[in-house]
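A.B. asks: Protein chains in written order, with my numbering: chain A, 1 to 226; chain B, 1 to 306.
These aren't lab readings, by the way, just hints derived from the structure by calculation. Do not rely on the hints blindly, as some may be mistaken.
To be verified - What the simulated footprint calls covered on chain A by chain B, stretch by stretch (three residues with Cβ under 8 Å from a Cβ of chain B suffice, anywhere in the stretch; the number is not a length): (1) 113 to 119; (2) 175 to 183.
What the hints assert, rightly or not - Within a straight-line C-alpha distance of at most 30 Å, the following computed DSS-like cross-link-like pairs (lysine-lysine) qualify: (3) A/190 - B/159; (4) B/60 - A/73; (5) A/141 - B/234; (6) B/85 - A/159.
Computed from a predicted structure; not experimentally measured. Even glycine gets a Cβ: it sits at the ideal position worked out from N, Cα and C.
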Amino acid sequence: MDILQTENLTKYYGEEPLVVKALDGINLQIEQGSFTAIVGTSGSGKSTLLHMLGGLDTPTGGSVVVDGQSLGKMNRSELTIFRRRKIGFIFQNYNLIPNLNIYDNIVLPVELDGRSVDRQYLDNIVSVLGLEGKLDRKPNKLSGGQQQRAAIARALITKPALILADEPTGNLDSRTSQEVVGLLQATGRKFHQTIVMITHNDEIAQIADRTIRIEDGRIAEGRWQG
Amino acid sequence: MKALMILLLFGILNLGYYLYFRRKFVRYSEEILRNTRRIMGNEKDQSLYREYNRETLTSKVVMELEKTEDILRSRMLKSEQEKEKLQKTISEIAHQVKTPLSNICMYHDMLSDPDISSGEAEKFKEIIGRQLEKLEFLIDSLIKSSRLESDMIKLNMGKVNIFHVLELAVNDVVHKADRKKLELSIRCGQDMTAVCDVKWTAEAIGNILDNAVKYTPEGGNVSINVSSGEMYMKIQIRDTGKGIASRHYNDIFKRFYRESSVSEEEGLGLGLYIARNIITLQGGYIMVHSVPGQGSCFSVFLPRQG
Chain A
1 MDILQTENLT KYYGEEPLVV KALDGINLQI EQGSFTAIVG TSGSGKSTLL HMLGGLDTPT
61 GGSVVVDGQS LGKMNRSELT IFRRRKIGFI FQNYNLIPNL NIYDNIVLPV ELDGRSVDRQ
121 YLDNIVSVLG LEGKLDRKPN KLSGGQQQRA AIARALITKP ALILADEPTG NLDSRTSQEV
181 VGLLQATGRK FHQTIVMITH NDEIAQIADR TIRIEDGRIA EGRWQG
Chain B
1 MKALMILLLF GILNLGYYLY FRRKFVRYSE EILRNTRRIM GNEKDQSLYR EYNRETLTSK
61 VVMELEKTED ILRSRMLKSE QEKEKLQKTI SEIAHQVKTP LSNICMYHDM LSDPDISSGE
121 AEKFKEIIGR QLEKLEFLID SLIKSSRLES DMIKLNMGKV NIFHVLELAV NDVVHKADRK
181 KLELSIRCGQ DMTAVCDVKW TAEAIGNILD NAVKYTPEGG NVSINVSSGE MYMKIQIRDT
241 GKGIASRHYN DIFKRFYRES SVSEEEGLGL GLYIARNIIT LQGGYIMVHS VPGQGSCFSV
301 FLPRQG
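Chain B on its own, in the form it takes in the complex (with noise of 0.2 Å):
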């Protein structure tokens, strides 16, 4: 008899437990469910806040989600973001256009006049000949870069040999330099590799020799060295050119920069642009040291692993 009422208390014990925790489980589950529609109704509701920063299980949990809607909302946002961009290129596009466009419109009608002698006309085909070159290149270029922001470039990532990849680069330069009879040196090992596309990042450097070509007077020199690094390949482009006054290390690789002294030379002030992005789509980064008068020194970081 007395067995068979301690086996009872027993049972009604653990099914008491068993409702209790039971109980417990379905508030807990309740809550977090109250939270999650909370957290995607987008409101933040302050009386919620009283679940945050608790060393609960719901406020661990709730915390956790509203992660995820935060890093899920942040991708919507990137993703409006590029929209805009996208946008803001093409009215770019059309603005850089219209000067060259109406250059050659200008010249074309006076081609039309019957009273020019044909020695003006020779001259006149001449201009519009160039702004057309112009035209070209300025297309080239923006479709270029606007590639290059939308992801639209499919980057053939390897490792490669760096030395390659300067001979690429080097080569568009030479005979610039050669003109403006510039020193042009490279110190890279043989066996030196990064991981990163060899056409692009040739491209990239040599937008930065270009540069570096373009902004150093007669007889002065530009020298590339490369390094290894513990995570990272150092290509340093140095020129004894007019230099970059600090204030001006991120506006250079603005697109369209250009710097005011510069107006006659020829180029657009995407090439910074270009290498930027490019690298930066590589996993890497560029950086700049610069004494304005003396020389400035590009450095650009390549991933030693993808």
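So here's chain A without its partners, still in its complex pose (with noise of 0.2 Å):
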């Protein structure tokens, strides 16, 4: 079954004669419970990519349907409540609010949606990410690696239909790059999440099971890896 579908997704910037083209007529089927890389240079409209299917942008053509829901057929509103509820972001910079702890962090998708933690879920998501004693610290007392995992723990709260990073591991050095994306898998895995991943590194996109491969705005190669 497929979370996500885009069908000729279009964005492009300006007006003729200048026009950039970011993205040109991408069509994507992404299958449920999969972890997909899409992988490409800077430049190359990959980030552009995540901010359409996270509907943090609007394209300029084609559509992008998310469990079922077309996200261009949603207002302003709708749209923020279904990425709080849908979607899970992890971001380069990890972007946790510095000052509240990492507990507050962790589970401020829930609370901002009014409902109450489910501590279970809460405390497995802790012990996989392996936080457990730095829950009531701040972000700034956290290394890059640790702060990257606090981020995770904070996309998977919602149990969302897909999980969206961008560069996870562009702020960190190669050896907790291995780390955070072995564990992005595996929690992946456990926690039956869908998750596309973008950089721009080869090794790192190994673990996936499908790469997709974009150029200029275009899919220039996919292959499974199963």
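Please dock the two separately framed chains into a single complex, following the hints provided.
C.D. replies: Right, dumping it as structure tokens:
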């Protein structure tokens, strides 16, 4: 079952004759539970693609359908709520809130939704990600790798349909990168999540089930690696 | 009199509030029930989307119910997929077994020919013997790999000394390495531990070592280096062999994959496939980095805690 489909997705900037084609007709299907890596050099359009997939930006043309719902048909508040409940984000620079402790950072999406935290699920996530004992610290007291693990926990807490990771290892050294991406895969498997990860690093990408190569706003190659 | 009137008014107001909120609650419950029925009925009815993505109680409950249904459905799908996988494995086994079997039949027929010399007969018997060995090895490996896939393996997980695991793994390849005059070295602290199954992990690492030895020319070296990260222990197996092109990084772990230039060498293409399954089942993973013509480095990550 496909959790995500895009049809002829395009994003153009500017007007004729100086049009920048950031995305030029992307057709994508992502299967539920899979780990997909989107690989490309800087400027290839991969970040733009991720922003479209997460409803953080609107396309010029084409459609994005997540879990059966078309993002283009939602108004701004519906989209905000959809993102809050259905999508988990992981960013290159972690984006943890500096004056909240780790526990508060992780449960933020659930509390914003006015719901109570599933304590058992949280404990499970925290244990898998090795964050026990760090929950009452502020982000600046954690290493880069630990902060990113907290960000992964935050992405998992709402049990989203889709987790989008934008260069999650970009700010980490190679050893920590290998650990973080290994954990990302392990949590994806364990908690039945679908993960789409953007990276320029071929070696990090090899851990995914499938690699899609993007170049000049188009898909150059897509291979299953199962 | 006035007091009574006020009391009565108060009573009526209360009753009014009660009826009003009761009606709201009943309506709300009906919405939930209706949506539940719809969700379990498996049709993505468009009219119900108006309940999505809103800041209402109903919306929250409905979306959560939907998530639950999704999780249940994907579990069911998973078990169907596993059945399909098993079917595929069985037919692959049948296919692989055909060649040695037909060879055995052929040479057996030839043996039954009364006109052959005793020298020829000896030769045929030897060939049959080798085919039988190959069959045995083949069936062994296939059964192992299908057991791993269908989770029929009982892993004995525990805190394990890595040096001990490496000793077991290296044991199996030491003679092959000697024969090729390869230098084999291990750098591992005596107190390095990880959570895994000793026997299976030794086998996985043994398979990787086997490959390293196989594809490294005479006089080269294979080195093992163990280091610890925050969440995982990393076991790196480096060789100075022919290397792997980066586009094949994932192909090498596929079942029956063998690079076109090595078909004369012994092997089935199952070693790395089994190794990856074993490591993944234990909550770890394998990554590879290689430079064609210079060598490869396999990194096996094992969790430090269960």
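A.B. asks: Now tell me, hint by hint, if it's right for this structure.
C.D. replies: Taking the hints in turn, this is what the structure says about them:
Residues of the region 113 to 119 of chain A lying with their CB closer than 8 Å to a CB of chain B number 3, which satisfies the three-residue condition for coverage. Requiring three or more residues with a Cβ within less than 8 Å of a Cβ of chain B, the coverage given for the region 175 to 183 of chain A holds, as 6 such residues are present. Distance restraint check for residue 190 of chain A and residue 159 of chain B: the Cα-Cα separation of roughly 21 Å lies within the 30 Å cut-off, and the hinted pair is therefore satisfied. For the given pair, residue 60 of chain B sits about 20 Å from residue 73 of chain A by alpha-carbon distance, which is consistent with the 30 Å threshold.
Of the pairs offered as hints, the one joining residue 141 of chain A and residue 234 of chain B holds, with about 26 Å between alpha carbons and a cut-off of 30 Å not exceeded. This hinted pair checks out: residue 85 of chain B and residue 159 of chain A have alpha carbons roughly 28 Å apart, not beyond 30 Å.
Against the hints set out earlier in the document, no violation occurs for any number.
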